[in-house]
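Number of protein chains: 2
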Amino acid sequence: MFQRNMGGRRLPAVGASSEPQGGHMKRRAFLRAGLTGAGVAGIAAAPLAAPLAGATTARGLDTLFNPRRPGRDYNGPVRLSSNENPLGIAPSARQAIIDGLDEANRYPGATGELVREALVARLGVKPGQLFFGSGSTEILRIASAAWAAPGGRLIYAEPTYEDVPRYSQPFAYDHVTVPLTSDYAHDIDRMREEVAKSSAPSVIYFCNPNNPTGTLTATGPIMDWIRDEGEQHLFLVDEAYFELADDPGYETFVPLIERHPNLIVARTFSKVYAMAGIRLGYGIAHEATVQRVLPFATRNAPNHVAGVAAVASLADDEFFAKSVKTNDEAKAIMYDALAQLDIEVLPSHTNFVMHRIKGELATYNERMFEAGFNVGRPFPPMTDWSRLSMGLPSDMEKLAEVMTDFRKKDWI
Amino acid sequence: MFQRNMGGRRLPAVGASSEPQGGHMKRRAFLRAGLTGAGVAGIAAAPLAAPLAGATTARGLDTLFNPRRPGRDYNGPVRLSSNENPLGIAPSARQAIIDGLDEANRYPGATGELVREALVARLGVKPGQLFFGSGSTEILRIASAAWAAPGGRLIYAEPTYEDVPRYSQPFAYDHVTVPLTSDYAHDIDRMREEVAKSSAPSVIYFCNPNNPTGTLTATGPIMDWIRDEGEQHLFLVDEAYFELADDPGYETFVPLIERHPNLIVARTFSKVYAMAGIRLGYGIAHEATVQRVLPFATRNAPNHVAGVAAVASLADDEFFAKSVKTNDEAKAIMYDALAQLDIEVLPSHTNFVMHRIKGELATYNERMFEAGFNVGRPFPPMTDWSRLSMGLPSDMEKLAEVMTDFRKKDWI
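First to last, the protein sequences are chains A and B.
Note that this note's numbering numbers the first sequence so that position 366 is 366, with each residue one more than the last.
Note that this note's numbering numbers the second sequence so that position 410 is 410, with each residue one more than the last.
Excised from the complex, chain A in its bound form (with noise of 0.2 Å):
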């Protein structure tokens, strides 16, 4: 019954195969297609460097460029848009990915394990305590997903990161935006008073520090209020830029897991690791809450090269210790320069500034743009605002220069 040498027999058919059919095909056809190859084929066969720079024409297309790059020739902008750190990945994870690539053939279940052992001796929680997706982003599509039931309201401050109602868009939540106090900081009396207006089961998200304005909101009374309130709400905390924050008002929300499964922490190896396209963020919270959110993640998270990067980079003190001190310069620097023009910035916890802008944010953007700089989107209501990316202490000078001839003609 069964075609024993299938395998065998195959062989000889390498050849022999159908024409494509209005742009579908067979395997061999598939192949074949390559060869006598359209455009992209022919781009993508030389190295990486070659086709990105026909795309530079193209603004969307600047992402992948980091132009500090020696030897690069690119002269497009400066991103200062995406809160990526300006250094790169570490060498030391570098060198990890190339020493792990013989690997990267295999499904990545035991480099995750890797990772889960690093994290459990640096955070000190247990192994069950752990998820992983890819990014933080990953961590708040799954919470968006697991929390979902009818009744249930969504609140989060007004502005703050977008991601979690992004995801919970397709689910039946109720959206409740609360304004920052004047302060900037999460308003936690409004938070608890539109909590309490519903006994179905809501999502209470904290981005903090908040982006896109880098404060913080002191954590003690958010914890209090977590201690008090009942278990059926959940509290969603993103501490994307937690490694470089540092306030005696700020503590991680990591200890109060054990207590409260109510509650998820989000962190990520974008932001102080450089990872941002690499990929890997976690989730920690009590061992019931990961059994209940892991069918809503995505299978063999993380991926290897993620994996190889964090576990080189938890161990790498140094880069750590780079990444925070080159923030800070960048960001002394601004913080002078916006002084010095009088421009009026939110106190910055994080690898981004928010300053006032004169004008429209779309003209100042463009202005930007062709200064050399990415910088910002609207982060409404607060589009008399600019976030700005902190890049490398030189970029930082380079821009205060920028800003200053932007004063001379009025422009900020």
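Simulated from the structure, these hints should not be mistaken for laboratory data.
Among the hints, erroneous ones may be present.
[Unchecked claim] Ranges between beta-carbon positions, derived for each pair: (1) P381/B to P127/A: 32 to 38 Å; (2) P179/B to R377/A: 51 to 57 Å; (3) P91/A to A149/B: 46 to 52 Å; (4) E397/A to A149/B: 52 to 58 Å; (5) R227/B to P91/A: 53 to 59 Å.
Predicted model only: the values in this text are computed from it and were never measured.
Virtual Cβ for every residue (Gly too), placed ideally from N, Cα, C.
Following the hints, complete the assembly by docking chain B onto the known chain A.
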């Protein structure tokens, strides 16, 4: 009101921090914990190969090893259990990854657009007809989540790939399994009958070629069904092994997406392109369907490393041909060996074969493990069969010897 020189004022605080509290700490203490060094941090500072050598005693961690790698002293079993490509990633992909590491600190949106362009040229689809995931497993997750509806049925073969049933678990699906036919094909007639029992939006999952059996279902009758069926039901067609299949009765479903918004085709770079650890899959569907499912996708896919590797791989016809040829050779060796031993085997159109065993599967797997090969796992109800992934041809020759020896012992 605002602290204007925050960045500068914070710099002197670097040395000052509180003690770790119960394993949880602020940034500075977080750093110091690494310096004083829990075990894992110390281990991880060494090159990747070193810590992993220590991990080989744990059977679960063997996934990370490719024992055929020259100069590696690892003596664990050959991985023939997860349908991975034993060649490792394409040399062109390896180089593209290394060249692209300078941009790994940037969010990967631009890289993703390059992959999209390459696939548009290769597949003849429109840019808006593609969406990406962390492996094709995320495409299956996205579809399962997006189509969930009260009363909906999830209809799939038994046995088939487990991810769709797994991802649909949190949702209100009634799971309906339909045994494969006596030819190990999907039983289209019975699946149609099951769909007809409910008008609620159901999902019909086809893995074709099917995993774990490796067998094909003729595509014509399924296409006829899609053309007949109402649009409320989703046809989710998993073409993970598409590039390895070559049979007159087999066609891709991609040409149908234009007229059938209730169809999603899932593909992956894990198999023919050996990128299982790097995580890149894509879905192909009508533009309206892509818009419908995107809210369930994780943002920032593909990751940058997967993106540059994919662009290079799609242009690398030499690797594609080698990958297919190596797999075909390995299968020919295995089919010959199984024929000589008169062991029943299913006709495989993939990079694995399913063959009969004698006695308990657990015992067989343990004996194979001791003989140096990690094979299969249970796929109920086919528990007297073993799913065997293809390694290199040389692996298959050694495995054939082991099987001959097993026969002498009456173990197979």
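Outcome of the hint check:
1. P381/B to P127/A: 32 to 38 Å: Given range 32 to 38 Å: holds, Cβ gap about 33 Å.
2. P179/B to R377/A: 51 to 57 Å: holds, 53 Å
3. P91/A to A149/B: 46 to 52 Å: Because 50 Å falls inside the window, the suggested range holds.
4. E397/A to A149/B: 52 to 58 Å: holds, 57 Å
5. R227/B to P91/A: 53 to 59 Å: holds, 56 Å
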